[in-house]
Amino acid sequence: MSTRSGNARWRLRTVAVSAIVALVAVMAGTTASASNSQSKADQTSPGVTSTSILIGSHQPLTGIAAAGYDEIAPAENAFYQYINSKGGVNGRKITFKYLDDAYNPAQTTTVVRQLVLQDNVFGIVSGLGTPTHEAVVPYLNANKVPDLFVASGCDCWNNPKKAPYTFGYQTDYTIEAKILGKYVTGHFGGQKVGVIYQNDDVGQGALKGIPQEVPKSAIVAKQPYSINDLTSASGLANQVSAMKSAGAQVVIVFAVNFGAALILKEAAQIGYKPQFVMANIGADPPTIDGLLGTGNTALQNGVITDGYLPSENDLSNPWVALFKKIHDQYDASEPFDGNAIYGMSAGYLFTQAVKGAGKNLTRQSVINALNSKGASYKGPGLVPLAFSSGNHGGYTGAQIATVNNSVLTASGPVFVTNDTGPITAYTGGQPAPPASLTG
Amino acid sequence: MSSDRVHETPSEVSSSPNGGRDVAGPGATQAALGRASAAATPPTSRGPGSRHWLPTQPLVRHLLIALGGLAVIYAITSAASSFQNFEIAEVGAYVVAIAGLTLLTGLNGQISLGHGALMAIGGYAAALIGLHSSLPLVPVLILATVAAALAGAFIGLGAARLRGPYLAGATLALAVGLPAVAYRWPGELGGGTGLTLVQPTPPSFLGSSFDPQEWLAWISAICAVITLVVLANLIRSRYGRSFRAVRDDEIAASLAGIHVARTQILAFIVSSACAGLGGALFALSMGFVNPGSFPLSLSIALLAGMVIGGLGSLTGAIWGGILIVFLPQWATSFSNHFGLSKAISSNLAFGIYGLALVVAMLVAPGGIQGGVRRLVHGVRALRARSSTPASAGLNS
Chain C
1 MSTRSGNARW RLRTVAVSAI VALVAVMAGT TASASNSQSK ADQTSPGVTS TSILIGSHQP
61 LTGIAAAGYD EIAPAENAFY QYINSKGGVN GRKITFKYLD DAYNPAQTTT VVRQLVLQDN
121 VFGIVSGLGT PTHEAVVPYL NANKVPDLFV ASGCDCWNNP KKAPYTFGYQ TDYTIEAKIL
181 GKYVTGHFGG QKVGVIYQND DVGQGALKGI PQEVPKSAIV AKQPYSINDL TSASGLANQV
241 SAMKSAGAQV VIVFAVNFGA ALILKEAAQI GYKPQFVMAN IGADPPTIDG LLGTGNTALQ
301 NGVITDGYLP SENDLSNPWV ALFKKIHDQY DASEPFDGNA IYGMSAGYLF TQAVKGAGKN
361 LTRQSVINAL NSKGASYKGP GLVPLAFSSG NHGGYTGAQI ATVNNSVLTA SGPVFVTNDT
421 GPITAYTGGQ PAPPASLTG
Chain S
1 MSSDRVHETP SEVSSSPNGG RDVAGPGATQ AALGRASAAA TPPTSRGPGS RHWLPTQPLV
61 RHLLIALGGL AVIYAITSAA SSFQNFEIAE VGAYVVAIAG LTLLTGLNGQ ISLGHGALMA
121 IGGYAAALIG LHSSLPLVPV LILATVAAAL AGAFIGLGAA RLRGPYLAGA TLALAVGLPA
181 VAYRWPGELG GGTGLTLVQP TPPSFLGSSF DPQEWLAWIS AICAVITLVV LANLIRSRYG
241 RSFRAVRDDE IAASLAGIHV ARTQILAFIV SSACAGLGGA LFALSMGFVN PGSFPLSLSI
301 ALLAGMVIGG LGSLTGAIWG GILIVFLPQW ATSFSNHFGL SKAISSNLAF GIYGLALVVA
361 MLVAPGGIQG GVRRLVHGVR ALRARSSTPA SAGLNS
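From first to last, the protein sequence lines are chains C and S.
With our numbering applied, the first sequence corresponds to residues 1 to 439, in that order.
With our numbering applied, the second sequence corresponds to residues 1 to 396, in that order.
Think of the hints as simulated: they come from the structure by calculation, not from any bench.
One should not assume that every hint holds.
Simulated pairs of lysine-lysine, DSS-like, Cα-Cα distance not exceeding 30 angstroms [as the list claims (entries may be wrong)]:
no., chain 1, residue 1, chain 2, residue 2
1, S, LYS342, C, LYS324
2, C, LYS244, C, LYS216
3, C, LYS144, C, LYS355
4, C, LYS97, C, LYS273
5, S, LYS342, C, LYS373
6, C, LYS265, S, LYS342
7, C, LYS273, C, LYS208
8, C, LYS216, C, LYS144
9, C, LYS161, C, LYS373
10, C, LYS325, C, LYS144
11, C, LYS192, C, LYS161
12, C, LYS144, C, LYS182
13, S, LYS342, C, LYS378
14, C, LYS373, C, LYS355
15, C, LYS97, S, LYS342
One-sided and incomplete, this derived list gives chain S residues near chain C with beta-carbon spacing under 8 angstroms [unchecked claim]:
no., residue
16, THR56
17, GLY192
18, THR196
Positions of the beta carbon are idealized from the N, C-alpha and C atoms, including for glycine.
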């Protein structure tokens, strides 16, 4: 190595390699210090001490599903911080550790194992996503880890026999599809109906519900899409064109936010203006506006959707006012939209469950509380919860709402049903937030 | 053997072995791969750098190293936490896949960006066999390996006609397209939801409180060791020599009587089998397969792990496997520690892969293993120099 270029090359190699090795060493070092600081203090149950509760979650903080959904966990966390400022639940402050899974089930599996095995969380709360959470339900139940209030409408969380530790939360897709289908038949009877759905259990739920309310003869097209399609060059153009060629005048959509926005854009591009009826996971106006881009927000006007929580625009609703106050104090960097309401409502439900489990908080006691008293936990929901030892489903209905000028306006009666029975109107209303919360 | 000696001091060679004629063509790619591979692999001759304290007979040598490796693995898994054992199981799966890939790319000069898809085939095969039969673990792994090997034979037939960037492009299409096939048959292949696998439970003689994660780590590690022994023997055999001959100069190899296409297809089959086994182990450690578990970034990560670990080197495959599993975690905790934005934390690992790949290909073609070898050589040379001061002046 006596040549000049040889020496220069050797120096360059040494510098470059040393820099990378140093960087990786520092990165590895931060992991070591982070895991060493987790102490297994006095614990009656994993994740519980006399003054704290540690819960975990997996969330799509990055990736295709992040649009909108990445605001849910910070909002839920803001709610827990508010509760902690009031002394916590039975003297225990809640720490909510949520990790990114990028909507990739393999990553969900890894982070959930990390939370359970390494962080020793009390339970997983608001795990988000249907294909993602399905990957971890067997693991969590086999290890008797509470798996509460899954942030997805799949009816697969409602399986107390096989998954006794898993509890759903949002109105499942079948119930939602039935309520939307009833509205379509009632207001657009005789028109041709098409369905675009995500080709996993999100869509399967819709396909179970729609035919119960929309006659078979009215459905002229059904188009699935896969997550892959959302990032492909053609997007969902094929599915939208198929709707147009079939002559669908009403299009029911069960898609994540990104997909819903794509559909609206692509329909406009081909001059196709059906009546869109969209599941609430893809209809929150501020989120969809952000995806459509300024100048395109009018594309969402007239979209019909549904909701089982109060709308963020209804500041006269005491729950919305409370959540706005919490948001402005603890979550101000994120928008105050449907995702924030969703996260905080789930947070409130968790605090109810923990309180119901009593001072002697163990994993089993919170499961018992939900099985025996869960249906009585009233809160910001417009409809009741169905929790019992035979039903782990969650919310049982919804109210139709319409989007106009980025505002969601609810209308008509609140409906409740289950996966197979009739739809009835619910007149129970909403309780006011307890004084302990607002004081 | 003499060809090995020529390649012992790479990277000072400024002109390609092909006389600089095809600077940008596939031939130059082959040459670059050859240089990089040679930087990472140890010389086969018994020079001062070889491990003279091990027997020379390759099989015995490799089995002894394997036994040592198994002892080390036993120590590590016993001391590791449950979650760490879960990660070790993942590392084992990747080591198997990268070992096959490094044989294909480093030793045979064929670039494949599609090994994620072959891992998917192995994973899905293991899941389907588990769902439709009650075969025990070992037959399931063998069948998954065979399934991927068959796929590899099929792909290899087409791949044998392609070189360099064209092969890379074709395999890239495979990586993107193949996992999506599951969406097409949601009933049989689980669609977007995927298929679950029953994870093997520890046998009763280990006791009822034996950590299932540790058992999975053992399965993964034992398969990795077996794979490495088999591949090491293959590399030392005449097949290995044919692979290298075809990589270095196809025309010369065919003049020497080596059937070029058959050699390339064989390399593809072997590497596909490894990817299939790696995919099956990956699926077992997750308990789950779905198209989203085998994205394009997996194939890219395998390539990055292979090159950064050490192209053409089996020990490099071990470094690569460790890197792929732990770097994303380290990147996330690094970002959290310094409060970096989400956008940075989710892409930092891939940023480092890119940076390390560029550095590796430009100035450190041997990757980590090449660096380790240099270090060992340097230490040995220092010791040799200090023990024979009279010859110090001759060693510059």
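* **Violated constraints from the hint list, given by number and in increasing order** => Hints 4, 5, 8, 10, 11, 12, 13, 16 contradicted; others consistent.
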